[in-house]
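Asker: Residues per chain are reported as follows:
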Amino acid sequence: MNTLLDLLGAIGRGLFAVLSAAGSVTLFAALALSHVVRPPFYPRLLLRQMTDIGYFSLPVVALTAIFSGMVLALQSYTGFARFSAEGAVATVVVLSITRELGPVLAGLMVAGRVGAAIAAELGTMRVTDQIDALTTLSTNPMKYLVVPRIVAATLVLPLLVLVADILGVLGGFIVGVFKLDFHPGTYMARTWEYLEFQDVFSGLVKAAVFGFIIALMGCYQGYHSKGGAQGVGAATTNAVVSASILILTFNYIITELFFAR
Amino acid sequence: MSGVPKIRIRGLSKAFGPKRVLDALDLDVPAGRGLVVIGGSGSGKSVLIKCILGLIEPDAGTIEIDGRNVLAMSRTEREAVNVHIGMLFQQGALFDSLPVWENVAFGLLARRMMARRDAKPRAIEILAQVGLGADVADLSPSELSGGMQKRVALARAIAARPDIMFFDEPTTGLDPIMGAIIDALIVEQVKRLGATAFSITHDMASAQRIGDTVAMIHGGRIIWVGPASSIRESGNPYVDQFVRGSSEGPIKMELRK
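So the protein sequences, as listed, match chains R and G. One point on numbering: in numbering that gives the first Met the number 0, the residue at position 77 of the first sequence is 76, and numbering is uninterrupted. One point on numbering: in numbering that gives the first Met the number 0, the residue at position 113 of the second sequence is 112, and numbering is uninterrupted.
Where hints are given, some of them may not hold.
Here are some chain R residues the structure puts well away from chain G; computed CB gaps all over 10 Å [what the hints assert, rightly or not]:
| no. | residue |
| --- | --- |
| 1 | Leu4 |
| 2 | Thr25 |
| 3 | Phe66 |
| 4 | Met124 |
| 5 | Ala132 |
| 6 | Leu136 |
| 7 | Thr190 |
| 8 | Phe200 |
| 9 | Gly230 |
| 10 | Tyr251 |
| 11 | Leu256 |
Heads up, incomplete: computed chain R residues facing chain G, CB under 10 Å, no partners named [what the hints assert, rightly or not]:
| no. | residue |
| --- | --- |
| 12 | Asn1 |
| 13 | Asp5 |
| 14 | Leu7 |
| 15 | Thr127 |
Keep in mind that the hints were calculated from the coordinates and are not lab data. Owing to the predicted nature of the structure, the values given are computational and were not obtained by experimental measurement. Cβ atoms here follow ideal geometry from the backbone N, Cα and C, with glycine treated the same way.
Using the sequences and the hints, build the whole thing.
Answerer: Here it is as structure tokens:
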């Protein structure tokens, strides 16, 4: 009986901790959003964050996208050859990239690169009193630190995913034409044939949501970091893990909203 | 003591879980004077200063600055009060993403919307007041020594000509000579601004250099207040033990055996 009660107690405590964290993140997000529309604004900081998050993530996202497109073409060709459907390779590549792989892989790569950096930077600022110093200088840390990062990530992720879409299709094209001997014109025609606006648009909506999630989790974990270097390390890990899980969760939810029949 | 104190604290309490750090603490800081709060590690000095600055929300009590209870203010009103406050953090708390001059001019840019082209020359002037040359203006804080970082942090604190200055362990981490230099700079700048100074420290030499009045915190309350010059003849056994740095006396450190 005692063992059962201990087990139920542990489950209850775990559930309570998860709900408490979810509530805390939601309040943090609501507070951040409320500051997005209230002055003062920091356009210089927004531009700097857009450069850091967008421009400097381009190489990582580009390489991920191009190799994903290449491997997708190769895998779908070898798989589809079993039932003589090799002609569908270009269509599979473009739909997979625009709907799923572009936004999800770009989101996960940016979560690793940018989410971790945001959490580490804000965490270090927290444990070295820099965030408190902002308050004493009449500067709201939510406006100065959190809002520019969240807005920048939400705006630039769709642009990154658009680049990822193009490069992913290019990767598939390279393998399809130079390795699998598709005719370039036929491959491109098959790429456009079944592609619809909604395929690309849903990926861009996902990207904006993923950008918001990445910056939110990085800021939340860093902002609430405590306990010195160890605390900053934990905040960084938590930011990447929680953002990655939320990206995959919201990926399903958004897919359901766009494509469920 | 006459007139309204610059800072008036009544019944201030703060607990973290079962640990009561501040226990109905009362304290007055007269305008234009320097008050230093001394006390052992974990005695609540930092919590006290953070409550006054609005960085920690106390559980009970009032904190009045110029006769207005800052705990009852909105965030915007509080930010307006902070415009008249300068703070020197224990480790400097310089923004490592900004060059030295932007650190110094941060408050000027954020509060008064001074143009960036005007802010840099002003920052260099303020750096000169704390004994630093224009050559450090474009450096990153991480390129400076501990003493220089403290000077830059002091420059940032005085940049907006505050009425009240707070100093959190200003000499911690510095050698005795640099500590004395920083103390001298603090006294000079506070006097020049005619500001009220509120400091916390456990460095007795520093306390006597920068304070007109010393208050001792123990058990979450102020247990003694007196002139800095007479601290070695306080007649209070707690203060005597602290000043002597003796393990024998009424103050029992919490040690696990």
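Asker: Hint by hint, work out which the structure violates, then give me just those numbers in ascending order.
Answerer: Structure breaks hints 4, 5, 6, 12, 13, 14.
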